[in-house]
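Student: Below are the chains, spelled out letter by letter.
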Amino acid sequence: MDFYLVQFLSGLAQAATLFLVASGLSIIFGVTRIVNFAHGSFYMLGAYLAWTFVERWGSDVLGFWGGVLLAALLVGALGAVMEVLLLRRLYRSPELFQLLATFGVVLLVQDAAFGVWGPEDLLGRRAPLLKGTVDILGRPFPLYDLVLIALGPAVLGLLWLLFNRTRWGTLVRAATQDREMTAALGVDQARLFTGVLFLGSALAGLGGALQVPREAVNLHMDMAMVVEAFVVVVVGGMGSLPGAFLASLLIGQLQAFGILVFPQITLVLVFLFMAVVLVLRPYGLLGRKEEAPPPAAAAGPPFAPTGRRAGLAALAALAALAAVPLLAGEYALIVLTEVAILALAAASLHLLVGFGGLVSFGHAAYFGLGAYGAALLVKHVAAPMPLALLGAPVLAGAAALIAGWFCVRRSGLYFAMLTLAFAQIAWSITFQWYGVTGGDNGILGVWPPAWAASRAVYYEVTLALVAAALWALRRAAFAPFGYTLRAGRDSPLRAEAVGIDVRRHQWLGFALAGTAAGLAGGLYAFAKGSVFPTLLAVPQSVDALVMVLMGGIQTVAGPVVGAAAFHLLRTTLMASEHWRVILGLVIVALVLLFPQGIAGFARRLWNRGAEA
Amino acid sequence: MSRLVVENLARSFGGVHAVRGVSFRLEAGELLALIGPNGAGKTTCFNLLNGQLRPDSGSIRLDGAELVGLEPSRIWSLGVGRTFQITATFASMTVRENVQMVLLSRHRRLLGLWRPAARQFRDEAQAVLERVGMGGQAERPCGVLAYGDLKRVELAMAIAGAPKLLLMDEPTAGMAPGERQELMALTDSLAHEQGMAVLFTEHDMDVVFGHADRVIVLDRGQLIAEGAPDAVRADPRVQAVYLGNAA
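Top line first, the protein sequences correspond to chains P and R.
First residue of the first sequence: 1, per our numbering; consecutive thereafter.
First residue of the second sequence: 1, per our numbering; consecutive thereafter.
Calculated from the structure, these hints are not laboratory results.
Among these hints, one or two may not hold up.
Which bits of chain P does chain R cover? Going by a derived footprint, with three or more residues having C-beta under 8 Å, they are [as the list claims (entries may be wrong)]:
| no. | segment |
| --- | --- |
| 1 | 467 to 479 |
| 2 | 497 to 506 |
Derived Cβ-Cβ restraints for the label pairs, each shown as a range [to be verified]:
| no. | chain 1 | residue 1 | chain 2 | residue 2 | range |
| --- | --- | --- | --- | --- | --- |
| 3 | R | Gly14 | P | Trp65 | 45 to 51 Å |
| 4 | P | Ala310 | R | Tyr242 | 46 to 52 Å |
| 5 | P | Arg281 | R | Gly148 | 40 to 46 Å |
| 6 | R | Asn38 | P | Arg504 | 48 to 54 Å |
| 7 | P | Leu592 | R | Val68 | 33 to 39 Å |
| 8 | P | Trp168 | R | Gly15 | 41 to 47 Å |
For glycine and all other residues, C-beta sits at the position ideal for the given N, C-alpha and C.
All chains should be modelled from the sequences, with the hints used to inform the complete structure.
Tutor: Here you go:
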């Protein structure tokens, strides 16, 4: 009994932190309708800043709490700066762009934190007067955690007062309900939004700052927290503070007790919970139906019909690529093999994003599951390469069939979050199921057989399979299957009214895209000789989206061009210590300056030339 | 047997009875106009008929088959086509491809993975477009069309499905007067040629009284009059609804 009570209390302490961060995310989303990936980075920054201040002044009570508060305020100011410089230009952009732009900020902050505080975990000073424990039914419990427990409801109360008893809060609530109407009534939107970003980010910073006495500050805090905060906000209902509070409590307890019952799958548990909630209560526990869910990706102009000339050009490019081993060395072949594989992965994602309007934030899961499928077949049943390469798309396709069934039930942002959740589930299975997947150590020794062992031969094998798969994807995209996906994106209403079961079709599209990504993953496993859980992680999914965006969503060649440009850029930058900054800036620049991507830009130049 | 039999249809939103106790019949080849002031429940009626909304109670039978509870895509495949008050087309496709989508759906070819969609049912789609006077614009993207032309594409998409019952929500709104008469005359002849039943809502009384075989009048969710156009026009209750009690 006593043991369960302590477990319950530590669940509450965890819930308090979760609520602080998630409430900020929820407030920002409610008003700006932007899902702010950088929110986790603000949490991390809050922790780092507080660590510095507390190291300097934290020996007495005033110094400690003053440092925590100062960290939160500084982070809030940074959030306001991000609103002015970046978000303000994106309010009318498709969600994909907003998500990517804020992910660019994640990379910038990571690199800055790395530069200032270094790669080591930092252990902070404990809070003065709160260092000890209290006995609860004979078991020790940290005093500091009791303070956290009290803080959760206190912040909820203060926020309630702010939103219900002040003019500013009323305006924020009005903007949450109807942005256009609030603007039409003459409210200064720019200032309101900057203020909201300040408040939301400061809450994230406070959440982070309060962690200093509890756990080591490190560079991985950002993604871990933002993903959990997403779950809380989605479970509670987007934009609902009481919902976020309730969801924090539930998820805090789920984590506290889940670790006792299912220590192997604690990570899965949370995402499974979210998936179940979303299927049962589509708008979260306390959320309300959105009047008009914003489109995930713009419909845009029709795809230019590619004529005979484009086909010939593609064939010529393929022939030239096949001839590369005659000239190039080992290293170039390795890079080109990876480019080919990533091109297939990006093209499979493009089928969803570009044709179906379905922005998946977890596409790496199917790439990674393909890689694991191949590696497991090699390791456990000593399968020959062809069989392993067949198994890869089968496993990934089957997983996509299961996850897709849930994901396509929701559209827009909720779809993106569900795909993210399933990718996290897949990731945690590879990470935690040590006996089968080797956990963090991955699976090593997945090399091609003797006949394909040379770089040149494996390159040709990859090129042939990727070219065939790309051609098949292209055929499917222009066959009725792809047109039907587009129809469901352009106008679900009309599609249903001419007999198209949009959801079922999107489900099949999701499975097809997953299958193709799985083949790419299988090829990748043999190219690298090993697989690791990071293949399925969120940054990989975002990389794939960046490739698609870089190439251009509205062109068929886009993903291939984008994968090549992205990978070559990354390979060149890897040597640089600051590749994250550069990648982050590239993402932001793409979103703000070249939303049509490289291939789209080229096509526009071409068309302009043709008209002249 | 009547083509469409609607009995005691009701649907409320919160405390508002958008539609209550609505019953009517529609015969094959007949044009029935559903009129009523703004907010009378016309669009709700349409959304109930094609399955976009579920009624709280009541029954909708098409050639004897119950439609209540079916998904919109299923209701379409049983023979109910519709046009929307705010046009809904596939903006990233050409006009002809829009019609081809309907034909692909009707012939159950939506899962095809190999043959290009743009080459299937091309002539049939072109023929339908010629019929509504859009043959010359078949290659244009739907996203750039004038409003009146979009309305005609919607009609083409609806009839490409060879429906037994065609629902048209404000088919001529936003069109020039000449265009209106033309579109309705076309609908008229299609209905009578193919034995298609047409239910339409319309604000333009010239269109209603010029083309409807019969008129039903909806006010605050309830049917208040039914009959031949001239009889309905003379009905004092209808006049009261449209002109206020002072008239």
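Student: Hint by hint, note whether the structure agrees.
Tutor: Do the hints match the structure? See the list:
no., hint, result
1, 467 to 479, "holds (count 5)"
2, 497 to 506, "holds (count 7)"
3, Gly14/R <-> Trp65/P: 45 to 51 Å, "holds (48 Å)"
4, Ala310/P <-> Tyr242/R: 46 to 52 Å, "violated (59 Å)"
5, Arg281/P <-> Gly148/R: 40 to 46 Å, "holds (43 Å)"
6, Asn38/R <-> Arg504/P: 48 to 54 Å, "violated (36 Å)"
7, Leu592/P <-> Val68/R: 33 to 39 Å, "violated (50 Å)"
8, Trp168/P <-> Gly15/R: 41 to 47 Å, "violated (33 Å)"
Violation of the numbered hints given earlier is confined to hints 4, 6, 7, 8; the remaining hints are satisfied by the structure.
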